[in-house]
Amino acid sequence: MDQLENYLGTLKKNVQSVLNSYGSGWSVYVKDLKTNTSFTINDTSMYPASIIKLFVMEATYASVREKRIALTANVKTLLREMITKSDNTSYNSLIRVIGKGNFSAGCSYINNYIKQKGHTGTGVHHYLNG
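Position one of the sequence shown corresponds to residue 1 (UniProt numbering), numbered consecutively onward.
Any given hint could turn out to be false.
[As the list claims (entries may be wrong)] With a straight-line Cα cutoff of 25 Å, these simulated BS3-like cross-link-like pairs (lysine-lysine) come out:
(1) K34 - K115
(2) K67 - K31
(3) K115 - K67
(4) K115 - K31
(5) K34 - K13
(6) K31 - K100
(7) K76 - K34
(8) K34 - K12
(9) K34 - K117
(10) K67 - K34
(11) K76 - K100
(12) K13 - K31
(13) K12 - K31
(14) K100 - K117
(15) K100 - K115
Keep in mind that the hints were calculated from the coordinates and are not lab data.
Make the full structure from the sequences, and use the hints.
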């Protein structure tokens with residue numbers, strides 16, 4: 001365990017050094033998935049920007065597994081465009097699909113899903129300009 005702690009300590013110093021060269025406005029979370037050892041640098045709330053799309057993608061696949069929606073060619077295209085091109089229109093459309101035509105209902109489903117997975121302080125609340 002000491003070797004891992006030393007490694008994570010060195011990694012944290014190196015990451016901090018890089019972040020210092022870019023100024024403020026950055027947060028980093030690192031977790032060793034085998035030991036659950038982790039560290040955070042600048043643990044503050046920030047606007048998620050396109051990172052929120054990863055949660056929407058995960059919730060979309062959960063909706064498919066739950067048979068809430070079907071994994072149609074359209075849903076596959078929307079997922080691909082949202083992730084590979086960071087397409088905001090696809091993001092908005094997927095939320096409406098999950099909400100069965102209702103954007104607010106889609107947001108509610110995704111936000112409940114996010115909370116069930118243990119993520120706090122983040123959520124889907126509005127359209128993204130596309």
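Practice item. Would you list, in rising numerical order, the hints stated earlier that this structure does not obey? Key: 2, 6, 7 and 10
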